[in-house]
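Can you make the complete structure from the sequences, with help from the hints?
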Amino acid sequence: MNEAATPLRRLFRVLVTVGPGALWLFLFVLLPTLLVLLASFLTRGPYGELVLPLGLHNYARLLNPLYLEVFANSLLLGLLTTLLSLLLGYPLAFYIARHPRRDLLLFLLLLPFLTNFLIRVYAWLVLLQREGLLNAFLGAFGLGPFPFYPSFLAVLLATLYTFLPFFVLPLYAAVERLDWQLLEAAYDLGARPVRAFFHAVLPQTYPGLFAGSALVFIPAMGTFVVADLLGAGRVVLIGNLIQQQFGVTRDWAFGAALSVFLMAFVLLALYLYARVQGERGLEDLV
Amino acid sequence: MKRLLALHALLVYLFLYLPILVIVALSFNQSRRGVRFTGFTLDWYRALFADPRVLEYALNTLLVALVSTLVATVLGTLLALGLVRYRFPGKGFLYYLLYVPVVVPDVVMGVSLLLLFAMSRELLGFPRLSLLTVILGHITFQVAFVTLVVRARLLLLDPALEEAARDLGARGWQTFFHVTLPLAWPGVAAGALLALTLSLDDFVVTFFTAGPGATTLPLYIYSSVKLGVSPKVHALSTLIVGASALFLALAYAVGRRRV
Chain F
0 MNEAATPLRR
10 LFRVLVTVGP
20 GALWLFLFVL
30 LPTLLVLLAS
40 FLTRGPYGEL
50 VLPLGLHNYA
60 RLLNPLYLEV
70 FANSLLLGLL
80 TTLLSLLLGY
90 PLAFYIARHP
100 RRDLLLFLLL
110 LPFLTNFLIR
120 VYAWLVLLQR
130 EGLLNAFLGA
140 FGLGPFPFYP
150 SFLAVLLATL
160 YTFLPFFVLP
170 LYAAVERLDW
180 QLLEAAYDLG
190 ARPVRAFFHA
200 VLPQTYPGLF
210 AGSALVFIPA
220 MGTFVVADLL
230 GAGRVVLIGN
240 LIQQQFGVTR
250 DWAFGAALSV
260 FLMAFVLLAL
270 YLYARVQGER
280 GLEDLV
Chain A
0 MKRLLALHAL
10 LVYLFLYLPI
20 LVIVALSFNQ
30 SRRGVRFTGF
40 TLDWYRALFA
50 DPRVLEYALN
60 TLLVALVSTL
70 VATVLGTLLA
80 LGLVRYRFPG
90 KGFLYYLLYV
100 PVVVPDVVMG
110 VSLLLLFAMS
120 RELLGFPRLS
130 LLTVILGHIT
140 FQVAFVTLVV
150 RARLLLLDPA
160 LEEAARDLGA
170 RGWQTFFHVT
180 LPLAWPGVAA
190 GALLALTLSL
200 DDFVVTFFTA
210 GPGATTLPLY
220 IYSSVKLGVS
230 PKVHALSTLI
240 VGASALFLAL
250 AYAVGRRRV
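Chains as they are written, first to last, in numbering that gives the first Met the number 0: chain F, 0 to 285; chain A, 0 to 258.
It should be emphasised that the hints constitute simulated quantities derived from the structure, not laboratory data.
Positions of the beta carbon are idealized from the N, C-alpha and C atoms, including for glycine.
Check before you lean on any hint, since a few could be wrong.
Short derived list, chain A residues pointing at chain F, Cβ under 7 Å [claimed, not checked]:
no., residue
1, Leu4
2, Val11
3, Leu13
4, Pro18
5, Leu77
6, Leu78
7, Pro88
8, Tyr95
9, Leu96
10, Ile220
11, Leu238
12, Val240
So the derived label-pair ranges between C-beta atoms look like this [as the list claims (entries may be wrong)]:
no., chain 1, residue 1, chain 2, residue 2, range
13, A, Trp172, F, Leu271, 43 to 51 Å
14, A, Pro181, F, Glu130, 50 to 58 Å
15, A, Tyr95, F, His56, 42 to 50 Å
16, A, Ser222, F, Tyr205, 40 to 48 Å
17, A, Ala24, F, Asp102, 26 to 34 Å
18, F, Ala71, A, Arg32, 43 to 51 Å
Structural data, given as structure tokens:
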């Protein structure tokens, strides 16, 4: 490098490039996060404002069995969504990757995904309601009508529907890079198909599998919209609880404690993910 | 085995398309309730266009998306450039901050921004919850995605090209506009497109940061759905689906031609 190397010029360049973005992240990411942390130790005032004293009382409330059930619901939804994404998405990624017109198939996978999130959730309400398509279909066979909506099942279906592409896309990237020679080698060494798959194919797809699972599990744990619309008050997740505290109940301190809890849970999941995947694994999540 | 895979794929695609197709079909259905098709009508579209608020919400949505994408793309591109080119104290910490909007659930991001705006209003007297706060919120998650996408592109570039420009006497900004930016352009465009999509799709952050008079289309759909299924929402959804399909098909066609 030539004249650019003087320290003052360097400092100037760092400030011009990194400065605005860094300032933004400090103001709108770091500061709000610290405020939530602070608020979680404060107390709800008589008009819903945040007041002293500081304490751990909001966190103590998390141990209430009522809330523990909500956490269990969220965890169950996250795990079931991930499991079902695996069942639907894993074979699909292979089919797309080996198809001659795979860019078209990827395009068709993305198309519903780029439809507004709320519309995708709403569509399930239309399908599952009492006079919906599913009940009309079953009614033709003299069955039902069944109360599919509102229910946990409805929430699960819509969550799976909205997050499935998050699972397939990183998995597809892993399958596309697969070294099929390893599979042939396994066959040459006398492995039967099942064994060959578990030893020569599955391990190669771990990066995509883990990235996909993280991308489905985390938003599924944190959603409140799907449970709000398809659970209609009967299915309560952590996200709904947080929204209630910041909305109707106006107990921001408790809502902040719930947010910190959810964030801590997500960070723990990511920490475990990064341990398995290495530091670079985080980049696969974008 | 191959047939089984094909059947599975067919069923998954059916699962992906059926709900949307049902909405599109119902938007032309005369019947107000239920899925029995009683006849073709455009009444719901007429009712939708007769409502002046819908146009206002659509314009709000576009305004938020365009302004926030523009700001986030500039901030994110510069940030990516600085992160790739320079070493400075606190760089690792900055990376951690970048990942926060990517991994933290929307609802946590929404309430933390709400808390920030509420406290700032208490102490400084501004900002009021409005379209401005929605835009600030959108930029916040967009910046992270733009930076990471542009950074990935910059890492692929050969630093020798910039050095050559400097050796030929180009100043810093000349190198940036004539060499670095054109080379990074696919990354910048991809980042901007992602940011735009994220903004148009966002409901949760908008929900927590929007004040009265700052309704966007997703907020409108949400409040309508809370009141019950309505053919007007079917019509609006169909229009949005059509617009996104057209947009994606265009992006797909342009992308194919370039490759």
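Results for each hint:
1. A least Cβ separation of about 5 Å between leucine 4(A) and chain F falls short of the 7 Å threshold, and the interface hint therefore holds.
2. Residue-level restraint check for valine 11(A) holds (minimum Cβ-Cβ distance to chain F is 5 Å; threshold 7 Å).
3. With a cut of 7 Å, the hint placing leucine 13(A) at the interface with chain F is violated, because the nearest CB-to-CB distance is about 11 Å.
4. Given the 7 Å rule on beta carbons, the hint for proline 18(A) holds: about 3 Å separates it from the nearest Cβ of chain F.
5. Evaluation of the leucine 77(A) hint against chain F yields a held restraint, the C-beta minimum of about 5 Å falling below 7 Å.
6. Taken as an interface hint, leucine 78(A) checks out: its beta carbon lies about 3 Å from the nearest beta carbon of chain F, inside 7 Å.
7. This hint is violated: proline 88(A) has a C-beta 10 Å from the nearest C-beta of chain F, more than the 7 Å allowed.
8. For tyrosine 95(A), the interface hint is violated, the least distance from its beta-carbon to any beta-carbon of chain F being 10 Å, above 7 Å.
9. Of the supplied interface hints, the one on leucine 96(A) holds, with its beta-carbon coming within about 4 Å of a beta-carbon of chain F, less than 7 Å.
10. A least Cβ separation of about 5 Å between isoleucine 220(A) and chain F falls short of the 7 Å threshold, and the interface hint therefore holds.
11. Here the hint on leucine 238(A) is broken, as its CB sits about 10 Å from the closest CB of chain F, past 7 Å.
12. For valine 240(A), the shortest C-beta to C-beta distance to chain F is roughly 5 Å, which falls under 7 Å, so the interface hint holds.
13. For the pair tryptophan 172(A) and leucine 271(F), the supplied restraint of 43 to 51 Å holds, since their beta-carbon distance comes to about 45 Å.
14. For proline 181(A) and glutamate 130(F), the hinted distance range of 50 to 58 Å is satisfied, since their beta carbons lie about 56 Å from each other.
15. Between tyrosine 95(A) and histidine 56(F) the beta carbon distance is about 30 Å. The supplied range of 42 to 50 Å is therefore violated.
16. Take serine 222(A) and tyrosine 205(F): their Cβ atoms lie about 43 Å apart, and the range 40 to 48 Å holds.
17. In this structure the supplied range 26 to 34 Å holds for alanine 24(A) paired with aspartate 102(F), their Cβ-Cβ distance being about 28 Å.
18. One distance hint, 43 to 51 Å for the beta-carbon pair alanine 71(F) and arginine 32(A), is violated here, with the actual separation near 36 Å.
In this structure, the earlier hints numbered 3, 7, 8, 11, 15, 18 are contradicted, and the remaining ones agree with it.
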